[in-house]
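**Q** Now for the letters of each chain:
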Amino acid sequence: MTCSHRFDPSRRGVLKGAAGGLALALASGNLGFSAAPSNNKLVVIILHGGMDGLNVVVPTFASEYYAARPSIAIAPAGETNGALALSEGFGLHPALAGLAMMYDEGQLAVLHAASAPYQDRSHFDGLDVLENGTETATFEQSGWLNRALGVAPALPAGLGIGSTLPLILKGEQIVPNWAAPVLDPADPKTVAKALAMYGPDPVLQAALQGSVDLAAIIGEPGDLGSGDEFLARAAGKIMSAEGGPGGCSISFGSWDTHANQGGATGTLAGRLGDLDAALLGLREEMGAAWDQTVVLVATEFGRTVQENGTGGTDHGVGGVSFVLGGAVKGGRILGDWPGLAANQLLDERDLFPANDLRSLFKGVLRDHWGVAKSDLNTLVFPDSADTPTMDNLLLSSATTPEPVPTPTPTPAPVIPDIPNIPNLRDFR
Amino acid sequence: MANLNAQIALHKFGLGARTGEAELVGTQAQNWLQTQLTDLSSDLDSYDLPTSKEGIELFFAFLEAERAERQEDRATISAASSPKVRLISFFSEIDRIKRQQMLIEDDGVRGPSLAKAQNIYLDAKQSNASKPAEAKSSRELLEDIVGILYEDIGVRTTHAVLTPASFREALVRFWSDHFNVFANKSLLLTSCTGAMEREAIRPHITGKFSDMLIAVESHPAMLAYLDNWFSVGPDSWAGKQFGLGINENLAREILELHTLGVGGGYGQDDIIAFANAITGWSIGNPDIQPENLGEFIFESLIHQPGPQTFMGKVYLGTGQDQGIKILEFVANHANTARFIASKLARHFHSDTPPDSLIERLEKAFIDSDGDLLVVSSALVIAPEMWDGSFVKLRNSEEFAIAALRAFGFDELTPQQSVFVFNAVAQIPFSHHSPDGWPKTEASWASSSILSARINLAELLSGFVGGQPPPVNFAENILGETLSDHSANSIKGAGPDKVQGYTLFLMSPEFQRR
Chain H
906 MTCSHRFDPS RRGVLKGAAG GLALALASGN LGFSAAPSNN KLVVIILHGG MDGLNVVVPT
966 FASEYYAARP SIAIAPAGET NGALALSEGF GLHPALAGLA MMYDEGQLAV LHAASAPYQD
1026 RSHFDGLDVL ENGTETATFE QSGWLNRALG VAPALPAGLG IGSTLPLILK GEQIVPNWAA
1086 PVLDPADPKT VAKALAMYGP DPVLQAALQG SVDLAAIIGE PGDLGSGDEF LARAAGKIMS
1146 AEGGPGGCSI SFGSWDTHAN QGGATGTLAG RLGDLDAALL GLREEMGAAW DQTVVLVATE
1206 FGRTVQENGT GGTDHGVGGV SFVLGGAVKG GRILGDWPGL AANQLLDERD LFPANDLRSL
1266 FKGVLRDHWG VAKSDLNTLV FPDSADTPTM DNLLLSSATT PEPVPTPTPT PAPVIPDIPN
1326 IPNLRDFR
Chain F
934 MANLNAQIAL HKFGLGARTG EAELVGTQAQ NWLQTQLTDL SSDLDSYDLP TSKEGIELFF
994 AFLEAERAER QEDRATISAA SSPKVRLISF FSEIDRIKRQ QMLIEDDGVR GPSLAKAQNI
1054 YLDAKQSNAS KPAEAKSSRE LLEDIVGILY EDIGVRTTHA VLTPASFREA LVRFWSDHFN
1114 VFANKSLLLT SCTGAMEREA IRPHITGKFS DMLIAVESHP AMLAYLDNWF SVGPDSWAGK
1174 QFGLGINENL AREILELHTL GVGGGYGQDD IIAFANAITG WSIGNPDIQP ENLGEFIFES
1234 LIHQPGPQTF MGKVYLGTGQ DQGIKILEFV ANHANTARFI ASKLARHFHS DTPPDSLIER
1294 LEKAFIDSDG DLLVVSSALV IAPEMWDGSF VKLRNSEEFA IAALRAFGFD ELTPQQSVFV
1354 FNAVAQIPFS HHSPDGWPKT EASWASSSIL SARINLAELL SGFVGGQPPP VNFAENILGE
1414 TLSDHSANSI KGAGPDKVQG YTLFLMSPEF QRR
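Here the protein sequences come in this chain order: H and F.
Numbering follows our numbering, in which position 358 of the first sequence is assigned residue number 1263; successive positions increment by one, without gaps.
Numbering follows our numbering, in which position 286 of the second sequence is assigned residue number 1219; successive positions increment by one, without gaps.
These aren't lab readings, by the way, just hints derived from the structure by calculation.
Positions of the beta carbon are idealized from the N, C-alpha and C atoms, including for glycine.
Treat the hints with care, since some could be wrong.
[As the list claims (entries may be wrong)] Only pairs whose alpha carbons sit at most 20 Å apart, straight line, appear in this in silico EDC-like list of lysine to aspartate or glutamate:
{"hint": "1", "chain 1": "F", "residue 1": "Lys1069", "chain 2": "F", "residue 2": "Asp976"}
{"hint": "2", "chain 1": "F", "residue 1": "Lys1276", "chain 2": "F", "residue 2": "Glu1224"}
{"hint": "3", "chain 1": "F", "residue 1": "Lys1424", "chain 2": "F", "residue 2": "Asp1304"}
{"hint": "4", "chain 1": "F", "residue 1": "Lys1424", "chain 2": "H", "residue 2": "Asp1092"}
{"hint": "5", "chain 1": "F", "residue 1": "Lys1372", "chain 2": "H", "residue 2": "Glu1077"}
{"hint": "6", "chain 1": "F", "residue 1": "Lys1118", "chain 2": "F", "residue 2": "Glu1002"}
{"hint": "7", "chain 1": "F", "residue 1": "Lys1430", "chain 2": "H", "residue 2": "Glu1045"}
{"hint": "8", "chain 1": "H", "residue 1": "Lys1094", "chain 2": "F", "residue 2": "Glu1408"}
{"hint": "9", "chain 1": "F", "residue 1": "Lys1118", "chain 2": "H", "residue 2": "Asp1089"}
{"hint": "10", "chain 1": "F", "residue 1": "Lys1276", "chain 2": "H", "residue 2": "Glu1045"}
{"hint": "11", "chain 1": "F", "residue 1": "Lys1372", "chain 2": "H", "residue 2": "Glu1045"}
{"hint": "12", "chain 1": "F", "residue 1": "Lys1258", "chain 2": "F", "residue 2": "Asp1320"}
{"hint": "13", "chain 1": "F", "residue 1": "Lys1276", "chain 2": "F", "residue 2": "Asp1368"}
{"hint": "14", "chain 1": "F", "residue 1": "Lys1430", "chain 2": "H", "residue 2": "Asp1089"}
{"hint": "15", "chain 1": "F", "residue 1": "Lys945", "chain 2": "F", "residue 2": "Glu956"}
{"hint": "16", "chain 1": "F", "residue 1": "Lys945", "chain 2": "F", "residue 2": "Asp1429"}
{"hint": "17", "chain 1": "F", "residue 1": "Lys1064", "chain 2": "F", "residue 2": "Glu1002"}
[To be verified] Cβ pair distances, simulated, as ranges:
{"hint": "18", "chain 1": "F", "residue 1": "Phe1396", "chain 2": "H", "residue 2": "Gly987", "range": "12 to 22 Å"}
{"hint": "19", "chain 1": "F", "residue 1": "Glu1002", "chain 2": "H", "residue 2": "Ala1146", "range": "25 to 35 Å"}
{"hint": "20", "chain 1": "F", "residue 1": "Gly1398", "chain 2": "H", "residue 2": "Ala1146", "range": "33 to 43 Å"}
{"hint": "21", "chain 1": "F", "residue 1": "Ala1062", "chain 2": "H", "residue 2": "Asp1252", "range": "53 to 63 Å"}
{"hint": "22", "chain 1": "H", "residue 1": "Phe1029", "chain 2": "F", "residue 2": "Glu1002", "range": "37 to 47 Å"}
{"hint": "23", "chain 1": "H", "residue 1": "Ala1146", "chain 2": "F", "residue 2": "Val1195", "range": "47 to 57 Å"}
{"hint": "24", "chain 1": "H", "residue 1": "Gly1236", "chain 2": "F", "residue 2": "Ser1289", "range": "51 to 61 Å"}
{"hint": "25", "chain 1": "H", "residue 1": "Glu993", "chain 2": "F", "residue 2": "Ser1060", "range": "55 to 65 Å"}
{"hint": "26", "chain 1": "H", "residue 1": "Gly1130", "chain 2": "F", "residue 2": "Glu1005", "range": "29 to 39 Å"}
{"hint": "27", "chain 1": "H", "residue 1": "Ala1246", "chain 2": "F", "residue 2": "Pro1240", "range": "27 to 37 Å"}
{"hint": "28", "chain 1": "F", "residue 1": "Asp981", "chain 2": "H", "residue 2": "Thr1041", "range": "23 to 33 Å"}
{"hint": "29", "chain 1": "F", "residue 1": "Pro1238", "chain 2": "H", "residue 2": "Ala1247", "range": "42 to 52 Å"}
All chains should be modelled from the sequences, with the hints used to inform the complete structure.
**A** Structural data, given as structure tokens:
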């Protein structure tokens, strides 16, 4: 990938160049958190390891699903330990009661058979493509959420949660991150002197300044639960604070269920229960700001349709994503369903990635943050002009989608030799 | 320039200077480094920690004790049991083994679950020492197993802090991270992860890469971490009996992360062929080859029979040798040379090393058939390494060790070691995924990390008693790399020595190498 020139921020020329940017950030006292005229919040949750989409949003209408998964399948809604009914024959894993509630309330939509434009089944490349927002794996230390922060008209501030900044938030925009402190905080006078010492090293200065700003916002963390829920609640608390940041990413690990993943109960069910609690906790902490919030949940790939020899599933391609929040037009299954018949699979083993995740991301960034189409197609998601932007995702979305220029969008990525991918509507 | 070269040797190659070490290196910087590559006298080889076999034996004793306490029945397996009975027992046991973890809630922030094991470790030290293994409860055995990991972390940390050959220890850390294993994936891993570094990494850091590769991929810790020990060839005896299949996890990561690298010329078919070839690479357990309990075994009952075509070449079905031959092929492949050279350059030079350095290391690897003595030596004499740049941001473990070395700490207990690393979010053996710890400035120059580092720096500075003024101390450790600006900042602390030492540890010249 040789398009680093595209990653230059186009709207923050005044902030470009580390020294000038820092001078401004320091003068404002908090890296510009209070500068955003719009309070629309976006949280991107990345599930590391490849979540098994077929056991999370279950195609209970598909006999092929039950044939492929004799020991781990989730039963249809209404049966013992069965799925929680959504619509169009899909059901949520029974550990996701909170998400089922949000679906019923119209705050959750599901995109199935979804993937970033990457089909080679490596965690690391898959995560890179998902977080870089590029078409192929690259070593670029620049994530699409960071670039979106730089071109959204409101210039929202960013926030990372966890001890290292995830790739999706790396790049030109200075993004602080927060992790629960382990030791007593150092003397503030010493911290101030260290900041002054970092004059010639703006990278270290920005990082340390960010920690000072975040500590001021969050105050005493209080009781935020544990595990994923702790991280999600911390994010909600910081984002919903007065002048809090508008764009955040959190990573949850341990989705790589090669063995003994279980069905309605077991390892995957446990992780899903954690995820459910985290999303409910995030909603609670966001408080009134939830109405202006969109949460995207994505993973680097789905898993094999067929369960493997060790009661698990191996790396696949098409997976499941969620888009939820008070700003979402939910209660819907989005996108196309490619089917599970042998000739509908990718490489005869994986759910076909009928829906490009970039379409979902672009739709949210356009309607929630007002990112311009030209920026979406070139800077935020380079070379993605051929990948359509999803319409009508949010309550605030224009009801009449902007006219689409010819050629009309086609489901991407397009792979030859896949016969007639049926649309969801054909599947009743 | 002599002084600058000593600083490069100590900080860029090694793990940071101890007081007075710069004078010791003197004008012989390259010599000081080269000697470490061949003089093994300071190696960590004489300490008394359990082998992986002993650790895994403890783990199976734990399983047995727990079963007895729960009064659960299990078919008795004996040498006379049929293969079918033994394999059924093995596969039913796998479920149970995968579930056995340290029994500590993971709080989602990577690493601290190990820190929480501290109390378990302390219990073990106090109450278990004199009891024979067969008399121990499952809880006591669990404490012993967690204790092995803790002792490993304590010993490797103390050695890193005290060793006069810190370049060698830096190489150990590079290769250990290259073959990352996560000790809390299961209690089985807890029992043998530290041992993998001692048994498969340390003996080979200046040997042949192919030897290290084979030692690692056949080590019980790696076989357990990447699920190969219960991967079954579908056409093997067990595959046909029970309808089981392969798990391609280990094969994929060997190619992607350990040898050829992404885009290294292999495809999905090659991964499957390789995964087939290493079916049967497993761990001796009470059901299968109990006479080799806790050791690498090759089990033909689960090995996929027949030839495998890997990257265009046919490997005949000759048992264990099929996988070995593929490992030897990829170990010496040109793409592996490129991948390793690039990783070494990015680790020791900077996130963006000059191409000329990568090419130099790549050539040394190819010309020597992957002799790591030659490759490491090429790194020492590479002019790019002596260009005077100090831009690589230390990762948190490197920062903590450099601080402990600078302040002249002596032996650290396991609890102290884990405490220090937990404070800066990098406890050894606790990175989840096989790609190892983050490697770039973009990852480590984060708000939470800088905040954690200054908190730890202040804490450690409080222990420094009777030392010279902080700026003199900084000049001793950093030599002429210390900038006037940083020196003045440190001086600005005035009589507040704790603040002065804290600023020294936080100075850009100490954070970077």
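**Q** If a hint holds in the structure, say so; if it does not, say that too.
**A** These are the hints, each one checked on the structure:
1. F:Lys1069 to F:Asp976: violated (34 Å)
2. F:Lys1276 to F:Glu1224: violated (40 Å)
3. F:Lys1424 to F:Asp1304: violated (47 Å)
4. F:Lys1424 to H:Asp1092: Given that 20 Å is the threshold and the Cα spacing comes to 17 Å, the pair holds.
5. F:Lys1372 to H:Glu1077: holds (19 Å)
6. F:Lys1118 to F:Glu1002: Distance of about 24 Å is beyond 20 Å: violated.
7. F:Lys1430 to H:Glu1045: violated (42 Å)
8. H:Lys1094 to F:Glu1408: violated (23 Å)
9. F:Lys1118 to H:Asp1089: Given that 20 Å is the threshold and the Cα spacing comes to 30 Å, the pair is violated.
10. F:Lys1276 to H:Glu1045: holds (16 Å)
11. F:Lys1372 to H:Glu1045: Between Lys1372 (chain F) and Glu1045 (chain H) the Cα gap is close to 13 Å, so the pair holds against 20 Å.
12. F:Lys1258 to F:Asp1320: Violated, at roughly 40 Å.
13. F:Lys1276 to F:Asp1368: Status holds; Cα separation ~12 Å.
14. F:Lys1430 to H:Asp1089: Given that 20 Å is the threshold and the Cα spacing comes to 19 Å, the pair holds.
15. F:Lys945 to F:Glu956: Between Lys945 (chain F) and Glu956 (chain F) the Cα gap is close to 17 Å, so the pair holds against 20 Å.
16. F:Lys945 to F:Asp1429: violated (30 Å)
17. F:Lys1064 to F:Glu1002: holds (18 Å)
18. F:Phe1396 to H:Gly987: 12 to 22 Å: Violated, since Phe1396 (chain F) and Gly987 (chain H) (Cβ atoms, about 60 Å apart) do not stay within the stated range.
19. F:Glu1002 to H:Ala1146: 25 to 35 Å: This hint is violated: roughly 49 Å between Cβ atoms.
20. F:Gly1398 to H:Ala1146: 33 to 43 Å: holds (42 Å)
21. F:Ala1062 to H:Asp1252: 53 to 63 Å: holds (56 Å)
22. H:Phe1029 to F:Glu1002: 37 to 47 Å: Because 41 Å falls inside the window, the suggested range holds.
23. H:Ala1146 to F:Val1195: 47 to 57 Å: violated (40 Å)
24. H:Gly1236 to F:Ser1289: 51 to 61 Å: holds (59 Å)
25. H:Glu993 to F:Ser1060: 55 to 65 Å: At roughly 59 Å between Cβ atoms, Ser1060 (chain F) and Glu993 (chain H) fall inside 55 to 65 Å, so the hint holds.
26. H:Gly1130 to F:Glu1005: 29 to 39 Å: holds (34 Å)
27. H:Ala1246 to F:Pro1240: 27 to 37 Å: Distance hint for Ala1246 (chain H), Pro1240 (chain F) holds at roughly 33 Å.
28. F:Asp981 to H:Thr1041: 23 to 33 Å: At roughly 50 Å between Cβ atoms, Thr1041 (chain H) and Asp981 (chain F) fall outside 23 to 33 Å, so the hint is violated.
29. F:Pro1238 to H:Ala1247: 42 to 52 Å: violated (27 Å)
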